[in-house]
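Chemist: Make a model of the complete structure from these sequences and hints.
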Amino acid sequence: MKYNTIVHIQYKLFIARQYWKSIIPFGLFFFLLLIGQIASPGFLSAGYITHVLTLAAPLGIMTLGQTFVILAGKEDVDFSCGANASLAIVLTPLLLRNHGLAITITITLLVGTAFGTLNGFGVRVMRIPPLIMTFGSSLLLYGVGQAITKGMSIGTSPHFLTAIAIGRIAGLPISFVIWMCLLGLASFVLHQSIYGRWVYAAGSNARAAHIAGISNSFVGIVAYALSGALSSFSGLLYLGRFTIPSGFKMAEGYTLPCIMAVILGGTSFSGGEGGVIGSVGSVLFLSALDTFFSVFNIAQAWRTALNGLLLVVILLLYARRAQLRL
Amino acid sequence: MNTRLQRSWSILPGLLFAVLITGINLALLPRFSRLFFSNLLLAMPVAFLALAETMVLIVGEVDLSLGPALILVNAVSVVAYSDYGIDGPLFLLIGLGTGLTIGIIHGMLVSVGRANSFLTTAGTSFVWNGLALLILREPRGSVPRWFSRTFTTGLAGIPIGVWTLLIALCIWVLFDISKVAIKFYATGGALRAAFAMGLSVNRIKFYAFLLNGLFIGIAGVIITGIVGSGDPRLASMATLQAILASLIGGATFAGGSGNGAGAVFASIGLIFTRNLVTWIGIPYYLLDLAYGGLILSLIAIISFIREKIGQTYEV
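Same order as they appear, the protein sequences are chains A and B. Heads up: the first sequence at position 282 corresponds to 282 in this note's numbering, and the numbers run straight through without jumps. To convert a position in the second sequence, counted from 1, into this note's numbering, add 326.
Hints are computed from structural coordinates only; laboratory data are not their basis. Hints may be right or wrong, so weigh each one.
Now the stretches of chain A that chain B is said to cover, found in silico as 3 or more residues with beta-carbon under 8 Å [stated by the list, open to error]: (1) 69 to 80; (2) 117 to 127; (3) 138 to 150; (4) 296 to 307; (5) 311 to 319.
Straight-line Cα separation of at most 20 Å, DMTMM-like style, residue types lysine to aspartate or glutamate; simulated pairs [as the list claims (entries may be wrong)]: (6) A:K249 <-> B:E464; (7) A:K21 <-> A:E273; (8) A:K249 <-> A:D290; (9) A:K74 <-> B:E633; (10) A:K249 <-> B:D409.
Glycine included, each C-beta is placed from N, C-alpha and C at the ideal position.
Modeler: Below you can see the structure in the form of structure tokens.
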């Protein structure tokens, strides 16, 4: 066999392994459905599936931005996605008092993008470790939410957002359709556009990318900005679903699932490896798990603890450091 | 590169910061001099958390679960007394033991599990938070009478704030002159070189998390004494405060440097700064935003300066 052929086969195997990794979460999802069906026959219904799809869509949209961030660098991660969504949830009803719907949504998305850009600036220009920066900015975002609402709950969701968040079109939830469209778009950007190439290059070897003339800062800042924009967009969907914002930390609980979904979906935490497709399965899996928690009436505190535990387990399985060798 | 003398100099930024803020407080707030010792006591939990953070930053790891871990220690101690009647020295031991257990779990995850400490501790922070909520459910409980009385009146005529400050500084000096300190700095400063020289770097990282857990336990005992009950909503800013204090104390995210005494003084300065922020008359709903923004921008400035000097953080 020619050397080139061997390399080609190795490359194909590498790609196959990537796909294999992204199949596992789908398997987990179906396994969960199977358990539900066995535990209570009649559990699996079209109604339940559409319910899970509706639940999953905002988280899935949040995951798309997170994937860009995690791909773009060695330790990059956006811990402020839940906080960004929470801010969108309280900001929208507040803006709707004085502005039209289109302007409100534009401003909300711009605010999310601005905070994402701030994250990117802190990480790439000020050189703050990503988790510290985004953890800090999440506190800042909650602070902004608390400041603009003065700690009270203000207004309700506009009908338009509620319709988008829980309405259906041809039997499918509208939010799910939006998620799939954005997924296609993100996949296109990652695999077909030059920016996608840059993301993978900067993520797998920052120094080589730098020498090749790619601006790491630009790639990173755009990735964080995307994550901010998509987070606040999913915040709009959450607002539509919750209808009444009852606090400035509404979407706090979605930060960990968002990160978990990306890592479980086969995207390497050290960057440059993976994609958006795998996250779909893990988002569905986590959303189905959430419905299980609701069915078994598990307290919110347990859910928080179990979410953290699940993240640790996923990290131990997917993101271990290489053993030190001489 | 990092001799003990150089390390001792890095106490200066923290000390100067504390002295400066205390001076401003004394000048602006008329009642500050009377309340100095109680304010000092309020700073001590964060001071011990900063010491805990410094320990793990020295070996090149990080702990993002400090605030929730503190809450868990507080919850366990209060529940042990209120629900199970555990009193006396055992009451103190149970707080310290909880902290140590947290440290051991983190240490095992990082050294044996080879997990990334940033994300792992971010994950466990949710576990601690959830557990604290589960066992407390609401702000409630009480502590032994002798315990809370000691915190208000002091021990042997000297306020507890001073005692705990002395304990923190003594612990740091003992650590600094011990042989273990050199191994810590070696592990954080040049991991591969330390490994190649035969140092068991994973075990050293484990020890760092063990010390980290012990200090979390001490901080938890102190905050239990201050609050006098259990509250699952304490200390939302504690993690960031501790990180910033360690950074002012000379620690870096890349590892291999840090001064615990500087961090202790820096956290005193930070808590006193909060006094000033409150004094300016900011409404309560802006307080988190103002103070959080201040902390975050200080972290950014310090990281940026260190980056420009070229000390840390290789890509």
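Chemist: Hints numbered earlier in the text: which of these fail when held up against the supplied structure?
Modeler: The structure conflicts with hint 10 only, although it agrees with all the remaining ones.
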